[in-house]
Amino acid sequence: MNEIIGIIIAAVLSWLNFVLIDTWVGLPEKPGVKGADVIGRDIKKRGGDLSGGFFQGNIVCSPDASAGTLLGAIACYTIGIPEGGFIAALLVFIGNRLCADPGYAGTTGALTIMVIIALTSFIGITPEEFIVGMVFAIITIQGLSHPRSSRLLGKIAKRMGRYTDIT
Amino acid sequence: MAILDLINITTVSAAVTLIGAAGIIVLPKPIDKVIMFALLQGGFIGLIAAAKYLDVAMAVALFDPISTVILLIGIIKINEIRRKREKAQEEMTLA
Amino acid sequence: MMLIQIVGILVLFMALRTLFARDRAERMLYLNAMSFGISALIALYIQTPFGAIIAITYFIASTVSSNAIAYSIGRVKKEIIVK
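Chains as they are written, first to last, in numbering that gives the first Met the number 0: chain Y, 0 to 166; chain V, 0 to 94; chain B, 0 to 82.
Just chain Y, with the same shape it has in the complex (with noise of 0.2 Å):
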């Protein structure tokens, strides 16, 4: 397969993972850490959406679904398919339980990316184009405009159901 056209593939896939399992697991709703308060409320001040706000604000304090996605594909180029989503799987545990953080999204996120890049390697998709391809999600999330991307991300909150109390 082409690689432009398989990298971006793999980057709207990455994209729905990461998005749909950390909002379904609750990140926008309340912000994990002080630091994600910080980053949110900042957000905020600057014309967006609070709920997107804290999403970002836990992406960046704390390994999540984005993070799985990310060191899943790494792991599955490197050390192979089945086994390198485990192992992935576990670092992002322990490095959730070294941030505090009580929560499962990290090797939820690993563990879905290792089958996404199983079933798509039949059509032709390899990991490194998977690998590429997070790296082009997350700059549209946190890296050109973050008002625009907190409003899109607090949409897909509402939908779900997993908007924010705080004000």
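Simulated from the structure, these hints should not be mistaken for lab results.
Straight-line distance between alpha carbons at most 25 Å, and here's what the computed DSS-like set of lysine-lysine pairs gives:
1) Y/Lys33 - B/Lys76
2) B/Lys76 - V/Lys28
3) V/Lys83 - B/Lys76
4) V/Lys28 - Y/Lys33
5) Y/Lys44 - Y/Lys154
6) Y/Lys154 - Y/Lys43
7) V/Lys28 - Y/Lys43
Negatives, chain Y to chain B, calculated, CB over 10 Å:
8) Arg158
9) Gly160
10) Arg161
Built from N, CA and C at the ideal position, the CB exists for glycine as well.
On the provided structure of chain Y, position chains V and B as indicated by the hints.
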């Protein structure tokens, strides 16, 4: 294009290190300097990994955030001491 | 274009944006995006399992230090700069 051939992991990491160093020199407030220091650490680990010193890269990846945390503890402490001294000076000038 | 070159351009873009950002929390977000890129670069260059372990260790350590920096941004409300 010729300039795209220059982009490999060594040059990208060196550029990130230099951007981090420029940020530390130029930005005035201490916490901004610490953020640029974290940027410099990223570029530094990229350089060490590019030279294939993998065990050194592992040690640096584990110990650099410890130095960041120590710097931040120092900044918080100094700020509190300076604020207490300012408040004590204000009370002295009022009294 | 090779994959390392694509990720390299993105990492440089993020690093420049952290230098020229206006706000402190904005810098944290760009820094985190750059750490994703550096992890990806290390894994794509050293294609062995130990390279993956180093990339994972670097990424989790950079998340811990970003957490510490964000906490102290909230703790130090107004910094006193000595001239």
